[in-house]
Amino acid sequence: MKRKKKKNISILILGMILLGGLCVTIAAQASWPGVNAIDEQEIMQVLNAMFDALKSGDTGALKSIFAGEMYEINKALLEQNTEYPGYLRNHYQGAVFTIVEMAPIEKGVIADINVLLSTNREQDIRLLLEKRDFVDSIESGSALSDLGSLRWAVVKHIQDR
Amino acid sequence: MVRILQAISVFFLILLFSSLGHAEIIDNTDVGFSTVGSWGASSSVSGFYGSNYLWTSSGSGTNQASWSFSVADGQYELSAQWAAFDNRASNATYSVRNNGIEIGTQVFDQRVNGGQFNAFDTGYTVSAGTLEVVLTNNADGIVIADAMQLVFLGSGGNIAPNGVIDTPSSGVTINIGDSVDFTGTGSDPDNNLPLSYLWDFGDPAIADALVEDPGLIQFNNVGSFTVTFTVTDDLGLADPTPATVNVNVQNPSSGPTIIDNTDAGFSTVGSWGASSSVPGFYGSDYRYINNSVGANTATWAATLPEGKYDIFAQWTEHANRATNAKYTIFDNGTDIRSYWANQRIDGGQFNFLGSFYLQNGNQEVVLFELPTMNGYIVADAIKFENICQADPCVYIQTPQDYHIQTSDNIQVSAAVQTQSATSYGVLFVLDEGSSGEQQSWDNTPPFNASFVVPLPSEMEHRIDAYLTADSSQTPIGGANGNDFVESVGVGNYLVAMGDSTTDGIGDDDLIDISLDFRNGGGGYPPKLNDLLTAFYNGIPHTVVNEGVSGARSAGGVSIVNSLLAKHPDAQRFLLQYGINDAGAFPPVPSGLGLNPGDAGYTGSYKHNLQQMIDAINLAGREVCLAKIPIVLGDTASGTQYSDPENPPVGSRGDYVIEYNLVVDELVGTPANNITISPDLWTKFNEIVTGGQHRYELEYSDNFHMLGSGYDTTADEWKVAITN
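Here the protein sequences line up with chains A and B, keeping their order. First residue of the first sequence: 1, per this note's numbering; consecutive thereafter. First residue of the second sequence: 1001, per this note's numbering; consecutive thereafter.
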């Protein structure tokens, strides 16, 4: 009986070691199938920079994260509306952003994001990211400057038509 | 034994490339092509070879695609094809390996030059065995693996020259007796000059030309001719892949031009499947799609001489097809008119889309896959049939059928087509046989007439053109001695701008075309046309649907000026924006209470609407502005609010309520000159029969209406307009 118990403990420890090893392995790999680790790391960096910019109302940072349609449609708000930083700060103050999923498509990556606002309202957002050239707009000191001029950008908010 | 086998192998390889210029193509679906790592298959970007291409994200080079050719000793030229797009690698790198040893690399920018084989910068001298081209994802964008072409240039030290046809740059269609300007360029990698040139024009009646630029060549026989330009170097080695271009010579009075889905003039955007499972198709198969993303198209392109054409479409019918497949006819890029086909019936035949005057140049019929489609749409074949089957032939150029204008002066023009030197005249007749009949005769080309119709003009007009001698107004008859246009209206012209609630998402009416056939495709515009035409006792109307599903008010600002230019006759612009602003990320402030110059105003919903209002007023048209319909939840298919009339603070529904207060402010601003403003929010929130809210009966989801809801929307607009 005692011997059997000892054997069970050994199996349990071995299992925990194996499980731990597996977790370490998984953590070292990309979290979403089809998105390579380098891209995923860059996208996470871009999205986290976007979350920070929304919470702090940093419209300048958002300009270096948005491109294409996303930039064009928000251009006036980001560049000319002096109250918009405060509007964003007020809206996203205390918000919790969670990247729910990333999925590659041919022309980019779809990212699903859940936003829990301080009012306890939740918003699910689907964004399209593509690689774009920011060669003319890269700013020294930006959170993304280490990614170089050609980097992932948020190009579209995909809505229910 | 080994030597015997080697000798046999070499013999077969030599046999394989026994003629110079033998081109071998390995596509991404062929034997000889292989991949390592994760590659996706796609056909969503046009310009690929075969049925599709493979793509992979940029990476460290672990994803590889390779094309492997068996080769004999000699010189070879490699060319690669891909589907270009702006997210592609600018530095896609191909490694060329002969029997496992790298003998060169080639870097291509896959953002450009898709849809053709792009020659590597240099030829390669290789030893018998294997020639492998390896493409990796060690690049700065999406890498495309499609097709690789190998051309045997020769086995000696001499590399073959190359010829390029500069003009015409692509195939042309001309009338019999017309000329084409031919120019070319010859080059030789190893400069064995001078080069000699040979142009074979395909028509035995035309003598070959022996110069680089033969200039204008006249074609006097009907047919499809392949023109070949062959360059030969000073050592007598000819370009193994002579350049070719097709010249289609037609008699204007000859048979129809049919473009099938397998012909060169057919192209698609998006992932269209190919099938032959439902009978009734033209040729060998048909293409189909049912993505409902609204961004895909099938295009039949033709280069036709100026004239008037009956245009037909063929499809395969099935119960799963769309009843609102939208074919639009473009004349040199200008949208002439659309036809909405019910593809659940009338399969297996060419169905008449209409008669169209087309200028000389590029003609296209485009089948749109729209978000509002209610089933599969099928792209099969299109037929262009010149109405002139006899000589002489008269045809009306303008106006076209279903034309509508606000002016009471109808300008008409016609042309006479003939191969003879005889002079003719044209007798124009407006509303022949009616009490309002008018006639006008012109015996000098260009043939024109001008008719002034009394207002209000409560009818559609028909205009006939009769061929006459140039000395008499009496029609001379003949098989093509008369042409006419009908449903030419003097009436009211409205343009509907907005989002999916204008476009018609959710509309479940199977057939949704206005009674005058001017408007179709769903949403409220065709219904509003019918209501207004009926209300005004038959005065013709058009309500053009320019709704864009997913559009925000900022999107409306970006297109309003182009729509004003596109619809110069439009008197009223109906604006219905806000549902997508209310759910935008990041959020769009309403601008409520703010005015131009106030902090926080720029880029707000109010500012965007004001910009559209200003543009429309500045152009001398009338702005009509609707309050946004009530929304029932944050997303189209998500959880409904417990009380849509009092949605949660900060929700989409809450934003809509605030935006509608902005609409009140804008309508209340006298300078905006807005007198037409239906309140769709209140209308859909009203209690109707059975104690239910209207939205409970007439919405297809949390934002969009059913057909009955679009009926209500049209009715609200009609009440607002007619009041």
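Note that these hints are calculated values from the structure, not bench results. Quick caveat: nothing in here was measured; it's all calculated off a predicted structure. Hints are supplied without guarantee of correctness; some may be wrong.
In silico lysine-lysine, DSSO-like type, Cα no more than 30 Å apart, as pairs [claimed, not checked]:
1) A/K55 / A/K75
2) B/K1566 / A/K156
3) A/K75 / B/K1718
4) B/K1326 / B/K1566
5) A/K75 / A/K63
6) A/K63 / A/K156
7) B/K1566 / B/K1718
8) A/K156 / B/K1326
9) B/K1718 / A/K107
10) A/K156 / A/K75
11) A/K156 / A/K55
12) A/K156 / A/K107
Distance ranges between label pairs, derived from CB positions [unchecked claim]:
13) A/I158 / B/S1450: 49 to 55 Å
14) A/I158 / B/A1319: 29 to 35 Å
15) A/R126 / B/L1697: 29 to 35 Å
16) B/G1115 / A/T119: 47 to 53 Å
17) A/N114 / B/N1091: 18 to 24 Å
18) A/N114 / B/G1032: 43 to 49 Å
19) A/A95 / B/N1595: 27 to 33 Å
20) B/A1319 / A/T119: 46 to 52 Å
21) B/T1722 / A/I158: 58 to 64 Å
22) A/T119 / B/N1091: 33 to 39 Å
23) A/N114 / B/G1040: 46 to 52 Å
In silico negatives: residues of chain B with every beta carbon more than 12 Å from chain A [stated by the list, open to error]:
24) S1057
25) T1062
26) L1198
27) T1418
28) R1462
29) I1579
30) N1580
31) S1604
32) S1677
33) N1723
Quick reminder that beta carbons are idealized off the backbone N, C-alpha and C, glycines included.
Status of the stated non-contact between B/S1677 and chain A (beta carbon gap over 12 Å): holds (24 Å)
Hint consistency between B/K1718 and A/K107 [alpha-carbon to alpha-carbon, up to 30 Å]: Since the Cα atoms of B/K1718 and A/K107 sit roughly 43 Å apart, the hinted pair is violated (cutoff 30 Å).
Range hint compliance [Cβ, A/T119 to B/N1091, 33 to 39 Å]: About 48 Å separates the Cβ atoms of A/T119 and B/N1091, which means 33 to 39 Å is violated.
Distance restraint between A/K156 and A/K107, which requires alpha-carbon spacing of 30 Å or less: holds (12 Å)
12 Å cut-off, C-beta based - B/N1723 kept clear of every residue in chain A: Per Cβ check, B/N1723 is outside 12 Å of chain A; nearest 31 Å; holds.
Restraint status (C-alpha distance of B/K1566 to A/K156 at most 30 Å): holds (27 Å)
Given pair status - A/K75, A/K156, alpha carbons within 30 Å: holds (13 Å)
Pairwise hint evaluation, B/K1718 against B/K1566, where the allowed Cα distance is 30 Å at most: Roughly 24 Å between the alpha carbons, so the hint for B/K1566 and B/K1718 holds.
Assertion that B/N1580 lies farther than 12 Å from chain A (Cβ): Answer for B/N1580: violated, closest chain A Cβ roughly 6 Å.
Consistency of beta-carbon spacing, B/G1040 to A/N114, with hint 46 to 52 Å: violated (27 Å)
Straight-line alpha-carbon gap A/K63 to A/K156, limit 30 Å: Distance of about 13 Å is within 30 Å: holds.
Hinted pair A/K55 and A/K75, Cα distance within 30 Å: Since the Cα atoms of A/K55 and A/K75 sit roughly 18 Å apart, the hinted pair holds (cutoff 30 Å).
Taken one by one, the earlier hints fail for this structure at numbers 3, 9, 17, 21, 22, 23, 24, 25, 29, 30, 31, listed in ascending order.
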